[in-house]
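Asker: Sequence:
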Amino acid sequence: MNRDEAFLQQAIELAQGNIAKGGRPFGAVLVKDGQVVASSVNQTFETNDPTDHAEMAALRAATRALNSPDLSGTTMYASGQPCPMCLAAMRIAGVERAVHAYSNDDGAPFGLSNAWLYGELANPAAELKMKLEHAGTAHDSASGIYAEWKQAQSR
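Last residue of the sequence shown: number 155 in UniProt numbering, and the count goes up by one each step with no gaps.
Calculated from the structure, these hints are not laboratory results.
Between beta-carbon pairs, the in silico distance windows are:
| hint | residue 1 | residue 2 | range |
| --- | --- | --- | --- |
| 1 | Gly111 | Ala147 | 45 to 53 Å |
| 2 | Gln153 | Val36 | 32 to 40 Å |
| 3 | Pro109 | Lys21 | 18 to 26 Å |
| 4 | Glu120 | Val36 | 29 to 37 Å |
| 5 | Ile145 | Gln9 | 40 to 48 Å |
| 6 | Gln16 | Arg64 | 24 to 32 Å |
| 7 | Glu5 | Ala147 | 44 to 52 Å |
| 8 | Ala142 | Lys21 | 50 to 58 Å |
DMTMM-like, lysine to aspartate or glutamate: derived pairs with alpha carbons at most 20 Å apart:
| hint | residue 1 | residue 2 |
| --- | --- | --- |
| 9 | Lys32 | Glu96 |
| 10 | Lys32 | Asp70 |
| 11 | Lys150 | Asp140 |
Here the structure is a predicted model, which is why all the values come from computation and not from measurement.
Glycine residues also receive a C-beta, built at the ideal position from the N, C-alpha and C atoms.
Please model the entire structure based on the sequences and the hints provided.
Answerer: Have a look at this one:
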């Protein structure tokens, strides 16, 4: 068994353990330099938090363990194909690689595919089913909270 297979097997075993506890079939393992930094399972229904996916929880645990929001040099191993939210969070955090065992096609017959969301997010903002509105405020680009933040950073 190679390294990828071993870490994927850990993610699958986490998912199986979560199933045994009444949870969803998702587990994730975040690895850096061949060592597990963090792992977790999906707990969206246990916590009533729609962002409590296995990958998101592993990211949160890893940033605490490494005391940094920068997860460059890491690989995420997931039992299922990461949803767009998890994929975006991994990208923002600097995760360099994501490997998953089961695809959206594998999950579709069981209601466990997020392909629909990938499809929707590929549309222009004006065509999203959720309305995304820019209300603006009374400021120019040299004022407002972004300029305030930039100024605070230089103190």
